[in-house]
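Top line first, the protein sequences correspond to chains A and B.
Here my numbering is used: position 7 in the first sequence is -4, and no number is missing along the way.
Adding 27 to a residue's 1-based position in the second sequence gives its number in my numbering.
If you're looking for bench data, these hints aren't it; they were derived computationally from the structure.
You can trust all of the hints, since none of them are fake.
Here are the computed distance ranges between Cβ atoms for each label pair:
| hint | chain 1 | residue 1 | chain 2 | residue 2 | range |
| --- | --- | --- | --- | --- | --- |
| 1 | B | 135 | A | 195 | 17 to 23 Å |
| 2 | A | 88 | B | 133 | 53 to 59 Å |
| 3 | B | 135 | A | 88 | 53 to 59 Å |
| 4 | B | 41 | A | 142 | 41 to 47 Å |
| 5 | A | 122 | B | 42 | 22 to 28 Å |
| 6 | A | 180 | B | 255 | 40 to 46 Å |
| 7 | A | 264 | B | 41 | 56 to 62 Å |
| 8 | B | 83 | A | 109 | 34 to 40 Å |
| 9 | B | 133 | A | 34 | 50 to 56 Å |
Using 20 Å as the maximum straight-line C-alpha spacing, the simulated SDA-like pairs for lysine to any residue come out as follows:
| hint | chain 1 | residue 1 | chain 2 | residue 2 |
| --- | --- | --- | --- | --- |
| 10 | A | 183 | B | 110 |
| 11 | B | 30 | B | 102 |
| 12 | B | 77 | A | 182 |
| 13 | B | 212 | B | 250 |
| 14 | B | 279 | B | 238 |
| 15 | B | 84 | A | 195 |
| 16 | A | 183 | B | 117 |
| 17 | B | 273 | B | 238 |
| 18 | B | 135 | A | 202 |
| 19 | B | 84 | A | 196 |
| 20 | B | 77 | A | 187 |
| 21 | B | 77 | A | 184 |
| 22 | B | 30 | B | 88 |
| 23 | B | 98 | B | 83 |
| 24 | B | 292 | B | 282 |
| 25 | A | 183 | B | 100 |
| 26 | B | 84 | A | 193 |
| 27 | B | 84 | A | 187 |
| 28 | B | 84 | B | 181 |
| 29 | B | 77 | A | 195 |
| 30 | A | 183 | B | 82 |
| 31 | A | 183 | B | 83 |
| 32 | A | 183 | B | 77 |
| 33 | A | 183 | B | 186 |
| 34 | B | 135 | A | 198 |
| 35 | B | 33 | B | 237 |
| 36 | B | 273 | B | 241 |
Covered by chain A, according to a simulated footprint, are these stretches of chain B (three or more residues, beta-carbon under 8 Å):
| hint | stretch |
| --- | --- |
| 37 | 95 to 109 |
| 38 | 125 to 138 |
Glycine is no exception: its CB is placed at the ideal position from the N, C-alpha and C atoms.
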Amino acid sequence: MSSNMVCAAGIDDALSESAEAADTGSPTDVSEGPRQPRRVPAGFSRRFQAALPYLLRIISVGAFFVAWEIYGQAQETTLFFAPFSEVVESLYDQVQTSEFWNAYRQTLQPFLYGWLLAMATGIPLGLLIGRFTSISRISGPYLSFLNAVPVSTLVPVVVVAFGIGMTARVSVVFLFAIVEIVINTAAGVRFVNKELVEMGRSFGGNEWQLMRRIILPGSMPGIAAGARIGTGRAVIGMIVVEVLLVSVGVGRLVDRFRSRFQGAALFAVVLSLAIFGVAMLELVRQIERRALRWRRESGLDA
Amino acid sequence: MIKVDKVSKYFQKRDGTDFAALSNVEFPIRDGEFLSILGPSGCGKTTLLKIIEGLVKPSEGAILINDQPVKGPGPDRAMVFQTFVLLPWADVIGNIAFGLELRGVGRKAAREVASTQLEKVGLTGFEHHYPHELSGGMQQRVGLARALAVNPEILLMDEPFGALDAQTRQLMQEDLLNIWQEEQKTVVFVTHSMDEAVYLSDRVVIMDTHPGRVEEIVDVPMPRPRDPDVRRTPEFSELTSHMWDKLRDILKRDQATAAAEAAKKGA
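Isolated chain A, as found in the complex:
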């Protein structure tokens, strides 16, 4: 979420590593000092090339924090917009309280259940939808509905139906995540090489064997994409339900700090959520990399 905002600063500026990078608007700024003569050793150049993507990411995020700090310091009061340093300080203080971790425990439980439930039902359902036209037709309307309606609007419905307990929160996380998992998995199935399926049939494979030995591994790219997007959506669902309706867990912290105008503490909680979301996505990406090693190595992925 943060990296997009510094794009305006331009890549060249970001590379200059200057603290002011985020404030200078032009990518061809001449104020980055004398240029280095282009006589760098090959080893350095290659290492620099390899590190460049990471460097850019770090610099991008760093520039954003710097801009945040400067804007925050420029405010008359830190009540509404706290500078980055105060937010970090607040976060540092909060992680040492049991309240913070209790809030996360309360929040993560429904997230974990809803997320696992969405994966455990979404992937098999996606496989069946991709494989059998009839199942695709039967489930089509529901998927279209969930896809077309913003899931946030279903949150009140869920709360009315299930109350504000664990069931309701698990349901919301589930509803947020399920559609992308199903749709991407089904799309993955349709990209499975049809000849492989025919080969399986030729060697006498039954439907279950074809599913497990050919369709499932073959549609891994789609499943992985679905898991990645679905995880992001589950994180959103987890927060939405707490912030919008049921004031528990991390959502209650947000509520409290908001009503007391504790800007730094509020931002700190949001920052911790962002860190959690990014960490979850990274976790899924690592699993995906493992599952798709054959694909990368066989040159099917760019």
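Fit chain B to the given chain A structure using the hints.
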């Protein structure tokens, strides 16, 4: 013995009319015989092979194996595909064992059989390579080993060397003959190469197009085991030129029909 018994296959064209891919095809295939089906594209030779395989149902007629009609794929037959069709996520051993595993053989036992087949097709040392790390010829060796691993009585081969370069192709033909000589399996081999058909086969079924049907069945009386040098004998040239005469007539006629149809559409 396999009996191709008055097999016809119709497909529906987009305009709703029927199109005869195969019409009244009939010939026997003897046990242990190496039989090639030769014909230009559009003669239905691959369709015929898939009907013998059991994945395509004939519109009329039947395939009889030892007097039993084929109703689907069976353990007595195994297919080698033109495009190899290997699992990209499985290594060589995993691919060779795959057919056996689908037939219910345990993983360990299947891999043991796969190792012996691997040796037979000359892939020792490549057990744990993945398909993308192999050349086309080696990938087809995996495809052949996978088919041999299930120990079928009948080996069905759909232009198996069509995707390979000329040199690799020739080597594969020689190796296939050696394996066939040892294994005593019936081979039904679809090809559009006259040279390949004559070199490998006991008999060659030449097929005509529109509709796909048997034009002629040619005996190849050259002795076994067959040396690659038979290609330079007068008998070999005689047989291939006889086949070429037939195929050229079919191709010329098809060309003329296509041109006439195009002209009619254009007018």
